[in-house]
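Asker: These protein sequence lines are chains A and B, in that order. Be aware that the first sequence starts at 1, since it is given in our numbering, and climbs by one per residue. Be aware that the second sequence starts at 358, since it is given in our numbering, and climbs by one per residue.
Hint data in this document are derived by calculation from the structure and do not stem from the laboratory. Among the hints, a few may not be true.
[What the hints assert, rightly or not] In the DMTMM-like style, the derived pairs of lysine to aspartate or glutamate whose C-alpha atoms are separated by at most 20 Å in a straight line are:
hint: 1; chain 1: B; residue 1: Lys718; chain 2: A; residue 2: Glu57
hint: 2; chain 1: B; residue 1: Lys528; chain 2: A; residue 2: Glu57
hint: 3; chain 1: B; residue 1: Lys528; chain 2: A; residue 2: Asp119
hint: 4; chain 1: B; residue 1: Lys528; chain 2: A; residue 2: Asp82
hint: 5; chain 1: B; residue 1: Lys465; chain 2: B; residue 2: Glu389
hint: 6; chain 1: B; residue 1: Lys465; chain 2: B; residue 2: Glu402
For reference, the chains in residue letters:
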Amino acid sequence: MPTSSDLTAEIAEQVRQAGATGRALEIRGNATKRFYGREARGEPLLMSEHRGIVHYEPSELVLSARSGTPLTELAARLAEHDQMLAFEPPYFAGEPTLGGAIAAGLAGPRRPFTGSVRDMVLGVRIVNGRGQVLQFGGQVMKNVAGYDLSRLMVGALGTLGVILEVSLKLLPTPQAEQTLTVDEPVTRIYELTEQWLRAGVPVSAAAHDGARLYVRLSGAASAVAFGSQRLGGQDFGSAERFWRELRDHRLAFFTCRGTESIWRIVLPAAAPPPDLPGAWINDWAGRQLWLRTDTDPAHIRREAQRLGGHATHFRGGDRTADVFQPLDAPLLRLHQRLKQAFDPAGILNPGRLYAPL
Amino acid sequence: MSERSLYRPEDTRFEVDIEALITRLRPLLPAEGLITHEQGRRAYECDGLAAYKQLPLLVASPETVDQARAVLQICSESRVPVVARGSGTSLSGGALPHPQGVLLSLAKFNRIKEIDPHRRIARVEPGVRNLAISEAAAPFGLYYAPDPSSQIACSIGGNIAENAGGVHCLKYGLTVHNVLQVTLLTIEGDQVTLGSLAPESPGYDLLALLTGSEGMLGVIVEAVVQLLPNPLTKQVLMASFPTVEAGGHAVAAIIAGGIIPAGLEMMDGPAIQAAEDFIQAGYDTQAAALLICELDGGEAEVSEQMRRVETILREQGADRIRVARDDTERARFWAGRKAAFPAVGRLAPDYYCMDGTIPRKHLAQVLKRISELSAAQGLRTVNVFHAGDGNLHPLILFDGNRPGELERAEQLGGQILELCVEVGGTITGEHGVGMEKIDQMCVQFRPEELEQFYAVKAAFDPQGLLNPGKAIPTLNRCAEFGRLHVHRGELPHPQIERF
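Can you make the complete structure from the sequences, with help from the hints?
Answerer: Encoded structure:
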């Protein structure tokens with residue numbers, strides 16, 4: 001049953017007190033992504049009771065909800081109006097919250113075709129490290145008043161502010177959906193997807209597991225029928241489970257053995273597959289690779305960088321070392337100054353993104 | 358129009374030794390790259406908001422990134438303000454010069470360095486015109502989606518600085534959704550790459566932060582933008598409504614029906630008449646509101662959606678629906694809308710264009726209040742509207758030669774923007790705050806939020822040299838404007854002076 005409660009005052013007070021004594025806080029929703037990023041430390045700041053949909057206007061394609069609201073609750077409410085979150089956030093295991101989805105900034109297989117998490121963020125309410133409750137952006141599609149501090153929260157892993165509430169742009173749920181498999185090598189994944197897109201095929205996901213290319217089509221019934229005919233390939237049947245398990249890392253592939261860990265490698269369009277040992281699944285039409293390997297992290301990062309991308313030590317391995325691709329000196333300096341601007345005492349999820357932040 | 362001092366004392370606190378500055382800049386720049394004489398500087402005294410004028414101290418026009426970096430380093434060392442300028446089409450005074458500062462023109466950075474049709478990207482210098490990117494991409498069946506109405510002249514650097522929109526934002530997004538990577542010079546002369554050709558980059562999303570930051574955080578010297586394939590088919594229809602309310606409801610019904618049009622624009626009666634008189638687009642001048650709806654995509658999908666849109670429009674009370682038969686007619690339907698500003702320009706000696714955005718459901722109520730506020734000021738207002746994304750462009754008609762009219766127009770503009778904030782919207786959807794809407798920022802944001810903005814600014818520009826006095830008001834300015842947002846009766850910062 002959906003519940004609603006506003007703990008703004010309590011959360012802000014806990015941040016203020018932590019700030020006064022310089023105690024670190026670990027911002028925690030339902031801890032479904034606690035494995036992600038560098039090691040979490042600090043006194044827990046619990047967000048899951050700060051929940052509820054604050055505003056939902058289907059004809060505006062906009063929803064605002066408190067950060068502790070479970071994604072399942074949002075999805076159910078949106079489904080009543082044939083709408084959805086456009087970025088297909090991963091659930092992993094458990095009951096992820098909206099705040100965690102925004103702070104992690106992770107998107108599912110649909111991302112290259114409909115947009116990223118930050119693309120859909122319209123506004124936020126946060127508590128900064130001084131314990132001040134601040135509101136940026138809004139509930140309208142176009143808003144250029146002030147710096148865009150809303151989108152800055154996406155992927156910041158809570159290091160700049162505690163997310164209290166988020167306003168998002170929504171998309172209509174596609175009328176029809178179908179998944180096909182095509183016997184093509186992974187080296188053609190980008191080129192083929194491009195050909196299909198340019199021919200008007202409504203591709204909403206393109207992944208390759210080393211054996212087959214999986215293509216999901218979403219859109220008006222007529223467009224999906226046209227795409228299906230154009231592609232050929234084999235109908236994959238009820239593929240919803242496949243895409244969900246890929247999104248949530250529940251496919252057998254994601255089980256590590258021995259000293260293996262999971263890496264996420266993000267690459268420019270049309271980049272060749274990286275030359276790295278291990279098992280992989282290719283998503284986002286070649287732009288996102290999941291790699292299961294026990295290879296040296298430095299080697300993985302060099303190869304990702306050589307191809308114009310970057311690598312994240314997504315799951316497993318040493319969580320006290322660098323998890324995200326290291327930043328060059330001028331960029332790191334800007335990051336440190338920004339952290340200082342939001343959280344001068346360094347109490348919000350310290351070190352979760354990079355050691356100095 | 359009268360020249361007024363637009364900057365506040367705290368924005369003009371710099372002490373600049375102009376002779377020493379010239380001596381240092383001269384050897385770094387090409388012969389014509391440093392403009393010191395008044396006649397030359399006069400050409401830069403205003404941008405697209407011509408009511409605001411200010412002579413810059415100097416104009417520097419570098420030709421290379423190294424020259425631009427050197428100018429910034431010298432200005433940083435000597436504490437000299439810098440205002441970056443692309444094509445100078447800002448409608449909010451974003452490129453208005455600073456009286457003690459260097460106007461940094463990026464006009465010579467006008468090369469398209471690369472079009473990669475396979476990866477669908479364009480690598481461009483900041484002074485490249487928006488439309489030039491689409492023109493260069495056209496032979497490959499590609500285009501750059503954001504299309505502000507000034508696209509023939511405005512530069513991509515300025516588009517990024519303002520997060521420019523256009524008529525196709527609802528489906529294809531704003532500038533922030535279409536730029537992959539930016540090379541930025543900080544005021545201290547560091548060169549940093551924000552974003553990536555990959556779908557995201559490690560660390561904070563500084564590219565999103567930079568986009569729309571109005572030249573306050575750094576100077577863009579290169580951008581990589583995403584190109585899109587030309588839509589396979591397009592259909593455009595026009596629907597007439599007997600009331601503005603009915604038109605507003607029709608817009609909501611289309612969106613609620615699960616259709617995202619490529620463009621969804623609305624004009625009110627006076628705007629329809631003005632456009633028709635100007636360009637003879639074949640508009641229904643009897644209508645109180647005209648909706649232009651463009652659908653694009655695959656052929657089957659577009660015709661299916663077209664049928665559904667027509668049904669919805671009739672249910673919502675459209676008197677008349679016309680579907681363009683071919684490209685020529687489609688272009689004519691759009692021509693009136695695209696010429697709305699110059700068309701309205703013929704109705705009065707001057708007009709003042711507003712840019713508030715509101716939740717669409719408040720459209721009818723807001724338009725009614727706008728007409729009441731206009732009547733109270735004794736001025737006329739004409740409305741064109743990016744209906745799909747709630748972005749209003751009320752055009753206030755006035756005559757700047759009549760004493761007091763500019764002031765009344767500005768007052769009315771301020772009232773309209775405050776109305777937008779009141780219904781849950783924003784003072785600017787796509788034109789930026791610049792100098793024009795800086796007082797209204799005091800209405801939209803509380804002092805603590807403004808202070809967070811100052812802290813972000815200081816992280817990039819500790820001395821406050823980039824575009825001082827724009828975009829984010831000082832607390833003193835808000836206090837003087839009399840709209841300092843007072844929270845629970847507590848006056849913030851009692852130590853600052855009140856005027």
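Asker: Between the alpha carbons of Lys465/B and Glu389/B, is the straight-line distance 20 Å or under?
Answerer: Since the Cα atoms of Lys465/B and Glu389/B sit roughly 11 Å apart, the hinted pair holds (cutoff 20 Å).
Asker: Lys528/B and Asp119/A: Cα distance at most 20 Å?
Answerer: holds (12 Å)
Asker: For the pair supplied as a hint, Lys528/B and Asp82/A, confirm whether the alpha-carbon distance does not exceed 20 Å.
Answerer: holds (18 Å)
Asker: Hey, Lys528/B versus Glu57/A, does the alpha-carbon distance stay inside 20 Å?
Answerer: Holds, at roughly 18 Å.
Asker: Keeping to a limit of 20 Å between CA atoms, is the pair of Lys465/B and Glu402/B held or broken?
Answerer: holds (18 Å)
Asker: Against the 20 Å threshold, does the CA-CA distance of Lys718/B and Glu57/A hold or violate the hint?
Answerer: holds (9 Å)
Consistency with the previously given hints is maintained throughout, with no hint failing.
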